[in-house]
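Chains A and B are the protein sequences, given in the same order.
Each residue of the first sequence is one higher than the last, beginning at 273 in the working numbering.
Each residue of the second sequence is one higher than the last, beginning at 273 in the working numbering.
A hint or two may mislead.
For identical chains, the list gives no copy identity; a pair is met inside one copy or between any two copies.
Said to hold, decoys possible - In silico DMTMM-like pairs for lysine to aspartate or glutamate, Cα to Cα no more than 25 angstroms straight-line:
| id | residue 1 | residue 2 |
| --- | --- | --- |
| 1 | 349 | 395 |
| 2 | 349 | 519 |
| 3 | 349 | 298 |
| 4 | 349 | 364 |
| 5 | 337 | 495 |
| 6 | 337 | 285 |
| 7 | 352 | 364 |
| 8 | 352 | 449 |
| 9 | 352 | 426 |
| 10 | 352 | 454 |
In case anyone wonders, no lab produced these hints; they're calculated from the structure.
Protein chains: 2
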Amino acid sequence: MGFASATAVTRVDEHTWLATVEPGWDINGNANGGYLLAIAGRAMAEAAGRPDPVTVSAHYLSPGKVGPLVVRCDTVKAGKRFVTLRASVATEQGTPVLAVLGAFSDLSRPADAPEYIDADLPELPAPQDCVRQVQGEDVHIAFRDQIEMRLHPDDAAWIAGRPSGRSEIRGWFRLRDGEPMDALTLLQAVDAFPPTIFNLDLPAAWTPTVELTAHVRVRPVGDWLRCRFRTRYITGGFLEEDGDVWDATGRFVAQSRQLALMPRPPEAAG
Amino acid sequence: MGFASATAVTRVDEHTWLATVEPGWDINGNANGGYLLAIAGRAMAEAAGRPDPVTVSAHYLSPGKVGPLVVRCDTVKAGKRFVTLRASVATEQGTPVLAVLGAFSDLSRPADAPEYIDADLPELPAPQDCVRQVQGEDVHIAFRDQIEMRLHPDDAAWIAGRPSGRSEIRGWFRLRDGEPMDALTLLQAVDAFPPTIFNLDLPAAWTPTVELTAHVRVRPVGDWLRCRFRTRYITGGFLEEDGDVWDATGRFVAQSRQLALMPRPPEAAG
Chain A
273 MGFASATAVT RVDEHTWLAT VEPGWDINGN ANGGYLLAIA GRAMAEAAGR PDPVTVSAHY
333 LSPGKVGPLV VRCDTVKAGK RFVTLRASVA TEQGTPVLAV LGAFSDLSRP ADAPEYIDAD
393 LPELPAPQDC VRQVQGEDVH IAFRDQIEMR LHPDDAAWIA GRPSGRSEIR GWFRLRDGEP
453 MDALTLLQAV DAFPPTIFNL DLPAAWTPTV ELTAHVRVRP VGDWLRCRFR TRYITGGFLE
513 EDGDVWDATG RFVAQSRQLA LMPRPPEAAG
Chain B
273 MGFASATAVT RVDEHTWLAT VEPGWDINGN ANGGYLLAIA GRAMAEAAGR PDPVTVSAHY
333 LSPGKVGPLV VRCDTVKAGK RFVTLRASVA TEQGTPVLAV LGAFSDLSRP ADAPEYIDAD
393 LPELPAPQDC VRQVQGEDVH IAFRDQIEMR LHPDDAAWIA GRPSGRSEIR GWFRLRDGEP
453 MDALTLLQAV DAFPPTIFNL DLPAAWTPTV ELTAHVRVRP VGDWLRCRFR TRYITGGFLE
513 EDGDVWDATG RFVAQSRQLA LMPRPPEAAG
């Protein structure tokens, strides 16, 4: 099932949408975080009457299991340029999954403001020269069958047990079968790659997201997104993961930052 | 009036707190954004029963004028480690000023997790060798009398009409009269400095905040905070401003990112 179908939402009343965590969009039974955010974003965009998530912050409260979800949206302010809304994603039984606050707009008009960039486009070999993670025999990450990622060879050597020593992952992203990508797709793209800290020699298998904020600057154009994720500070039991995303035309399209938990090492966790 | 008093909140019922935008905490009549966030954070901390804002996202909906504010807090999830809440800051007449989503915790326990830093402490001359912005004769920014900031000389030359050409501001921050700083103070510190883009030769006088997210890693210790703010992408009519904050002991204490509007140049704005 494609991304648009798997994140579809159905309005049932002024404030309520139904959605489904589709089988295959999970990692060990829990829905991917970007996928959940895209579901919330789709309902919020409908509620706002504006298609584009300009800035969306989500708190991850409990895992999203395969099955039905209820999304409730409440408009906080309907302004001329932005509509600001709160959303709650919960199970049918009412268990909170996601709490979201976001501002939506229509990014189809050019901004007509000065531009300035003080950052390098991440250097990436062509997609066919990057690394496609092969599904393991013991751990099958179903979510990875739904999207396409190609990792920079230098940032993918941890797969073979040789972490780069730098908490960075660069790579290409697109939807499967070349499905067109819109601004909501960017909410998926910013939380799809393996954790940056897989490239460090640290005893961490997973880093649960506490909160993720994504900013969308313009709608993406073209077939692949060029992405860079980086972690600079692992302190106090937390880490941030910053994402910068460009489209195939070299346009900077989105930025993300998540706060995640740095698990205690197994020997200290008891 | 000190920071703790100026951000004080009084609970009036289970969900409601009263606060006041004190005279002197404004810039041209509008309350500083970090100050408003600290007021919201103080009410949220009380509602949560946890003192420390681990991650807080605020959308700025209308200016906070001097006078009374009403803060409403609703708990989304009370977990073992985090209490997640929504807050709304509004005028007495009900005009929304701020919409907030945050997770609060108790950061007094050491995290006992691996640490790793891939970033430099910003190099700063001692506070007495940095630049204290003098209030102008034509524009008096009242807020600046309430806190103390000392800018890196290289990043302060724009005051004399010589922007550095790099969208960065480094400097020291503390509360006036050496008032002690807690985790809530960091919400103030991340939105106190002049806009980074004052160091670019761009026709922008001000950059209104759309949304600001702050992460607090540990409580600050000591007398001055060492801060660096940086903007890498001004595109699509938006810019981000990223803040990294260390305390006087060299500990990384907080991180922030705000999405702000890049105004159109005056000739195009009409």
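Status of the hints after comparison with the structure:
For the identical chains of this complex, residue 349 and residue 395 are neighbours neither inside a copy (40 angstroms) nor across copies (42 angstroms), given an alpha-carbon limit of 25 angstroms. Taking identical chains as interchangeable, the C-alpha atoms of residue 349 and residue 519 are never at most 25 angstroms apart, the minima being 31 angstroms within one chain and 37 angstroms between chains. Proximity of residue 349 and residue 298 under a CA criterion of 25 angstroms is satisfied inter-copy only: 23 angstroms between copies versus 34 angstroms inside one chain copy. When the C-alpha separation of residue 349 and residue 364 is checked against a cutoff of 25 angstroms, the pair qualifies only between copies, where the shortest distance is 16 angstroms, while the shortest distance within a copy is 27 angstroms.
Taking identical chains as interchangeable, the C-alpha atoms of residue 337 and residue 495 are never at most 25 angstroms apart, the minima being 30 angstroms within one chain and 47 angstroms between chains. Proximity of residue 337 to residue 285 under the C-alpha cut-off of 25 angstroms is restricted to the intra-copy arrangement: shortest distance 24 angstroms within a copy versus 36 angstroms between copies. Taking the shortest alpha-carbon separations for residue 352 and residue 364, only the inter-copy value of 23 angstroms comes in at or below 25 angstroms, while the best intra-copy value is 34 angstroms. For the identical chains of this complex, residue 352 and residue 449 are neighbours neither inside a copy (37 angstroms) nor across copies (42 angstroms), given an alpha-carbon limit of 25 angstroms.
In this assembly of identical chains, the alpha carbons of residue 352 and residue 426 never lie at most 25 angstroms apart, being 46 angstroms within a copy and 39 angstroms across copies at closest. Proximity of residue 352 and residue 454 under a CA criterion of 25 angstroms is satisfied intra-copy only: 22 angstroms inside one chain copy versus 38 angstroms between copies.
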